[in-house]
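Let the hints inform the model, and build the full structure from the sequences given.
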Amino acid sequence: MALTTYVEAIRQGIWEEMEKDERVFVLGEDVGIYGGAFKVTAGMLERFGEWRIIDTPISESAIVGAAIGAALMGMRPIAEMQFADFIACAFDQITNFAAKSRYRWGAGVPIVIRAPSGGGVHGGPFHSQNPEMYFVHTPGLKVVCPSTAYDAKGLIKAAIRDPDPVIYFEHKYLYRRIKEELPSDDFIVPIGKAAIRRHGTDISVITYGAMVYTALEAAKELEKEGIDLEVMDLRSLLPFDREAVLDSVKKTNKVILLHEDTRIGGFAGELASVISEEAFEYLDGPIRRITAPDTPVPYSPPLEEFFLPKASDVVRVARELYAY
Amino acid sequence: MAEIKVIMPQMGESIFEGTLTKWLKKKGDRIKRDEPLFEISTDKVDSEIPSPASGVLQDVLVNEGQTVQINTVVAVIGDDLPASGTLEGAAPAPQSRAESTEKPVKTREDRSPEVRSSPLVRRIAKEHEVALAALAGKGTGISGRITKRDILSYIEQGGSVTKTGLTPPAAPAPPTKPAATALQSSALTGDGERVPMTAMRKSIAEHMVHSRRTSAHVTTFFEVDCSRILQAREKSKPDFERAGVKLTVTPFFVQAAASALKRFPIVNSSLDGDTIVYKLAINIGIAVNIEGGLIVPVVKSAGEKNLLGMARAINDLGERARNKKLTPDDVKDGTFTITNPGQYGGLTGTPIINQPQVAIMSMGGIKKRAVVIDDAIAIRSMIILSLSFDHRVIDGATADQFMADIQKQLESWQA
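As they're listed, the protein sequences go chains A and B. The letter at position 238 of the first sequence is residue 225 when you use the numbering used here, and the numbering goes up by one with no holes. The letter at position 146 of the second sequence is residue 141 when you use the numbering used here, and the numbering goes up by one with no holes.
If you're looking for bench data, these hints aren't it; they were derived computationally from the structure. Here the structure is a predicted model, which means the values were calculated and not measured. One thing to keep in mind: the hints can contain errors.
In silico PhoX-like pairs for lysine-lysine, Cα to Cα no more than 20 Å straight-line [as the list claims (entries may be wrong)]:
| id | chain 1 | residue 1 | chain 2 | residue 2 |
| --- | --- | --- | --- | --- |
| 1 | B | LYS362 | B | LYS403 |
| 2 | A | LYS238 | B | LYS121 |
| 3 | A | LYS237 | B | LYS241 |
| 4 | B | LYS274 | B | LYS295 |
| 5 | A | LYS238 | B | LYS241 |
In silico negatives: residues of chain B with every beta carbon more than 10 Å from chain A [stated by the list, open to error]:
| id | residue |
| --- | --- |
| 6 | GLU(-2) |
| 7 | SER113 |
| 8 | GLY132 |
| 9 | VAL213 |
| 10 | THR243 |
| 11 | GLU286 |
| 12 | LYS295 |
| 13 | LEU303 |
| 14 | ARG364 |
Note that the Cβ used here is the ideal one computed from N, Cα and C, for glycine as well.
So this is what it looks like as structure tokens:
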């Protein structure tokens, strides 16, 4: 059976939804003739035509603004940010209009904003960021971060069908490095459900996006020492799977929160609060965070490598926590 | 080491006295710190009181059945006798700490040697009634910290574990009958045994009469088809079992009530003089039958729980109520109450409102009955729900709309 890459899985998901639902269309910079900066929309212009695959000017604010308008008129737009870093240009449209519309006057805004994010690709400070937390802190939005090809496809389809604005963070580092065999049926991955990638008994590593693989690599290393990690992939950050998080913590009693995003105001802080509020009496050690430091993503490759959390960081912290 | 005076603790903010119902140790017995020493009963909770210190129970100053004010000295614990070290598991108290025990009344002063652990370890210790001091110096964690593995293996090896309820003292005292019994009964008047009310009984009696005097009780009845929730229960049972939760029908009713209370905030209110106080939280009390009376532990923030969380909370409260492990907080701040006479076969009930709340719902038994649906006779699992409400605050129309809301939710339950 053919293996499907993460990036191809996103393309398939969009393609299938466009075949099924003519309200679905794509707009963004270079999505048409060029097929998208990462080729997610390759071949779509030929199949669906220029009314449904729309090349736009270089203005994220205009892209999201137009998408919101179309959604209010009954369409299901998918807006592509060429890099998640530039989503900041559309911040007002997303946080003040898309997120609040349903609460202000009952009109949902069913848009999907695709945001290629993440480092490890030597993209420098403007092409490597993980800006998810601006949106996790905005009630009215949904935020997902798939880590596998299966989830990439299942979550883009779920996002397109969702009645509310969904920010879809796709990790550039995973685009062509991750591949798997996908089922041929029409599946979705529900928003708000975590997945356990590795069952373990000693420490829960709760993470998302590309860091899932960092955690799994560390787990393999630690297995040799008899330290058994459980690796949880959150998949969705808003809403996140509170019950799964608490269940895992109650099982292992020790927890490492891992993300590629920087530390202060990162998702780990929120998780740590929830865990200490709701599972304090199940903790057998301090809640530990492993994150990028509080700096922009460096351009220099050695510095970038230093900046990103690594399997060796997880191994070190897990050993400390295990001994605690 | 000086004598430690053991006092009657305060078991809740508005509680000023308690009845010592049972001594779990006799005068002269050795006792370890945190080992249950006596049982008390207040008008809110019954609980076991752990010993504040290790030593020998030198004096017992209050008899079983006696009610005393809080902070009254009920017993004295003295120095361990010469054969120190034979006390299994008790760690030697460091010199510097022993000094602080000189202050007699402050029972918390007698901290055993500092033992580092974790919230989880302390919880396990409490559940298994292990004094952590027994593991002092045996921790394998960083800085000698006691870890989960340490305490679990200690318990597995027998440790100094005493099961809940405690192994009875070596020579249990014969059950003391109330002294008044024989004297007062008389063949002529036909009276049988005369038994003084327990603290709990008295408090129930007082609350019930007080409520009847306070509220204008009216009761309304609703018949509800339970087919959907029974199906939902069958469907969800295995999932819940995997999560370690036994799913009964009660959580469905509690959840329906919590949801309806959001839409009918007046039912979730109380009356303060001439002012109606709408409660922010939806905290649902569930009447639990326990030995010698009943108690109403409260599911806090019931409006925010999903079915799993609700079932877990209800099971936990019920179990702790029966094991006398409720804390004063568990029975506080209820805003609405549900009682379930149906579990004993009751058809329905007209319950008395739990003051200062304004309504109480009663669940009858679920029973298959012949009902008419679209002019055909069908067999359906039916329940009669009733709501006693305070007509000073809630009108019949509102009460019935509230109950119709619950009925509709239960009859259209989506598994």
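- Task: If any of the earlier hints don't hold here, list their numbers in rising order.
- Result: 7, 13
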